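Participant: Sequence:
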Amino acid sequence: MSYDAKLIDLEAVVRNKLPKHYAKVPKWLFRFAEWLICQKEMNQTITALRDCEGPDFADGMCRRLNVRYNVQGMENIPEVGRFIFVSNHPLGAFDGISYINILGHRYPQFKVIVNDMLMYIVALRPNFLPVNTLGRQKREDMEAVDAAYNDSETQLLTFPAGFCSRFIGGKIQDIEWKKSVITQAIESQRDVIPMYFDGRNSLIFYGLEWFRRVLGMKFNIGLILLPRQMMKTARNKTFGIRIGRPIPWQTFTDKSRSPHEWSQWLREECYRLGTPSQPPRGEE
Numbered sequence: 001m002s003y004d005a006k007l008i009d010l011e012a013v014v015r016n017k018l019p020k021h022y023a024k025v026p027k028w029l030f031r032f033a034e035w036l037i038c039q040k041e042m043n044q045t046i047t048a049l050r051d052c053e054g055p056d057f058a059d060g061m062c063r064r065l066n067v068r069y070n071v072q073g074m075e076n077i078p079e080v081g082r083f084i085f086v087s088n089h090p091l092g093a094f095d096g097i098s099y100i101n102i103l104g105h106r107y108p109q110f111k112v113i114v115n116d117m118l119m120y121i122v123a124l125r126p127n128f129l130p131v132n133t134l135g136r137q138k139r140e141d142m143e144a145v146d147a148a149y150n151d152s153e154t155q156l157l158t159f160p161a162g163f164c165s166r167f168i169g170g171k172i173q174d175i176e177w178k179k180s181v182i183t184q185a186i187e188s189q190r191d192v193i194p195m196y197f198d199g200r201n202s203l204i205f206y207g208l209e210w211f212r213r214v215l216g217m218k219f220n221i222g223l224i225l226l227p228r229q230m231m232k233t234a235r236n237k238t239f240g241i242r243i244g245r246p247i248p249w250q251t252f253t254d255k256s257r258s259p260h261e262w263s264q265w266l267r268e269e270c271y272r273l274g275t276p277s278q279p280p281r282g283e284e
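For the record, in the sequence shown the residue sitting at position 270 is 270 according to the working numbering, with numbers rising by one throughout.
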């Protein structure tokens, strides 16, 4: 692939993905959308880090944005084992990139299940497993996810909510977690390591998401705003990350809870990590 092909070009994406609609979109709207997603700033970062990919690119991106981390609980990760790392999803994009920076250097085969829109960040593709959160899944994407779960060398991170956190019940939190994280843990016989990411997007982001839900809009406004949250809101921030103890996969075979109930229990365990006074549970 040529270097130019790695740059983000929103107009080209629309032209290739939506050719029937491309001619109807005025040029000024493309320019506004490019400003909204911080296309210029993102391409400047890609250019500056053109010799990097994967964890090195994630680290370089964090350095350029002056992002720091306060990580607690790294000692809870066993030296040996196959794991599913799970986390809340407050930022919608930059939290995943942060985990690649933190865990990707530890595990050469570290994969994050992400919205397929993030595949336009080509330098991070080695660490991405794309899924379509808005429509029908591609067979090859699902086969890649299944292969990763079955691969003995791959460590996986998933955000079981499937979407960025929302303003719910007076606080910013994930929607219900999907039960698939439980069924995958059992089928792949992987212990689960819960993590809590302490962060938030801008109030404008949450306000627009609330407005969208009130109006019953299906179009995901927040998805368009995520690049700006990544390039602007995350800048100069220090994020807290707390890692819990592994939860044996056999835990979830207990029939006293359904897979859906176990996934909500796991969600609660994640948020317990965000309360320092509450000790992390799991395997002693």
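It should be emphasised that the hints constitute simulated quantities derived from the structure, not laboratory data.
Fair warning: this is a prediction, and the values are worked out from it, not measured in the lab.
Heads up, some of the hints might be wrong.
Unchecked claim - DMTMM-like, lysine to aspartate or glutamate: derived pairs with alpha carbons at most 20 Å apart: (1) K178 x D116; (2) K179 x E269; (3) K237 x D198; (4) K178 x E269.
Participant: Checked against the structure, which of the hints given earlier come out wrong?
Facilitator: none
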